[in-house]
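Asker: Protein chains in written order, with the UniProt record's numbering: chain A, 1 to 229; chain B, 1 to 242.
Check each hint, because a few of them may be wrong.
Using 27 Å as the maximum straight-line C-alpha spacing, the simulated DSSO-like pairs for lysine-lysine come out as follows [said to hold, decoys possible]: (1) A:K128 / B:K132; (2) A:K128 / B:K69; (3) B:K107 / A:K128; (4) B:K26 / B:K238; (5) B:K74 / A:K128; (6) B:K69 / A:K53; (7) B:K110 / B:K132; (8) B:K116 / B:K132; (9) B:K6 / B:K26; (10) A:K189 / A:K84; (11) B:K104 / A:K128; (12) B:K107 / B:K74; (13) B:K107 / B:K69; (14) B:K69 / B:K26; (15) B:K74 / B:K110; (16) B:K220 / B:K238; (17) B:K74 / B:K104; (18) B:K127 / B:K110.
Hints in this document: simulated from the structure, not taken from any laboratory.
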Amino acid sequence: MFGSYEFDWSSIPGSLNFLGQGLLVSLEITALAIVAGIVWGTLLAMARLSSIKPLAWAAAGYVNLFRAIPLVMVLLWFFLIVPKFLESFLGLPPGSDVRLASAMIGFALFESAYYAEIIRAGIQSVPKGQLAAAHALGMSYPQAMLHVVLPQAFRNMVPLLLTQAIILFQDTSLVYVSALADFFGAAYKVGDRDGRLVELVLFAGAVYFVLCFAASQGVRHFQRRLQRA
Amino acid sequence: MITIDKVSKHYGNFQVLTDCSTHVNKGEVVVVCGPSGSGKSTLIKCVNGLEPFQDGQIHVNGTSVGSPKTNLSKLRSHVGMVFQHFELFPHMTIRDNLTLAQVKVLKRDKDEAAEKGLYFLDRVGLKAHAHKFPGQLSGGQQQRVAIARALAMDPICMLFDEPTSALDPEMINEVLDVMTELAQEGMTMMCVTHEMGFAKRVAHRVIFMDHGRIVEDDSKEAFFANPRSERAQQFLAKILQH
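Only chain A is shown next, with the shape it has when bound in the complex (with noise of 0.2 Å):
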């Protein structure tokens, strides 16, 4: 099949401009998806901790239903519903895009429910003691929490973190669903003008792998780095 196609790239050095903009947009979900997927799984985490029952089943829940859905049916959920609420809520005109807004909420909450999951090791891989000393200290659980669990939790799940980090990266391109130009979607869409949609997937792929492979060898230096210290 291949032995009769004929490669033709010309259509890429005229679109890297808007390929460019379709990565930002990739980067963007990426960055906004990790801080609240941090924020909101750490919350998420604790609450799954928590002595408080029905806290803990709460947090429970959301973590499992969000592991057990796939990513791209959410963001089409989000794809359908947000924009209709955020029209309603917000008092948008109707047909506003908000379809970064809903692709980046989705993510996050998608994206936290697997953050809870690292964090959640994170803290337990705290010895007991360290909350007990700092209780005894007269610290107050949220005192505890910030000055002494959780420093060390984080830093000894920072490698844990970063991987996950270029997962979400590469998950960002299942936004195609919403239509937007992602670093995917824009390829797609100068494929599909040019009908050289196999080049253009090919390049996208080519350029996911060179940023995810560097990226996580960047992870195992650090890695190594760490364990050194």
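Following the hints, put chain B in place on chain A, whose structure we already have.
Answerer: Okay, now just chain B, sitting in the frame of chain A:
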């Protein structure tokens, strides 16, 4: 200073403490000993509310530990505690370990807290190590820092939970020396320990526990000369052979 009145505690069906009653007067040093699993660590952790208990009452300086109305954080801020595994905060320097609770709990300003922390660090002989992290110190040094950290809070009494059990033998004395000095200055102390030499030298009273009960509660002279219960006699015979 500390009164423990008919305290009982159970985990589900497992009874850890049964009807424990005793008291520690101001300036008194009470050593709590007994075989492992006898509930001595649990009892001492009940005193500052780290372990909840179901029945009975504990009062520290007149404040009821078990009462839901008690501000436990406030109570703990002036009851010092030293743990078996030191529990210094490994992500902070020694200096920060000494100042964190002073600043966050007692609301002292940073300079005042640092000065106070260094004063007590000097007293345990480790002033030169202020900039280091706990992992860079030996076990004995870490435990001395832990004692300094508790003292920097100006505690009204000190609780020691097997402070030398996790130490290599050659480091035990440096910790016991600090504790002895503290006792001689009149600090009210409750110590769970197997160090009978320390008990003989420093304690005023010795409590012996077995199976969650206080079996003996006597002056040190009476305890060592003539333990009343068979269980305590056996325990002493075994531990003093070493």
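Asker: Now look at each hint and say whether the structure bears it out.
Answerer: Evaluated hints:
1. A:K128 / B:K132: The hint holds at about 23 Å.
2. A:K128 / B:K69: Measuring from Cα to Cα gives roughly 26 Å; hence the hint holds.
3. B:K107 / A:K128: Status holds; Cα separation ~25 Å.
4. B:K26 / B:K238: Measuring from Cα to Cα gives roughly 32 Å; hence the hint is violated.
5. B:K74 / A:K128: 21 Å, holds
6. B:K69 / A:K53: 22 Å, holds
7. B:K110 / B:K132: Cα-Cα ~18 Å, so holds.
8. B:K116 / B:K132: 18 Å, holds
9. B:K6 / B:K26: With Cα atoms ~21 Å apart, K6 of chain B and K26 of chain B stay inside 27 Å; holds.
10. A:K189 / A:K84: Holds. K189 of chain A to K84 of chain A sits at ~26 Å (cutoff 27 Å).
11. B:K104 / A:K128: Distance of about 21 Å is within 27 Å: holds.
12. B:K107 / B:K74: 12 Å, holds
13. B:K107 / B:K69: 22 Å, holds
14. B:K69 / B:K26: 25 Å, holds
15. B:K74 / B:K110: 20 Å, holds
16. B:K220 / B:K238: 18 Å, holds
17. B:K74 / B:K104: 12 Å, holds
18. B:K127 / B:K110: 18 Å, holds
Consistency with the previously given hints fails for number 4 only.
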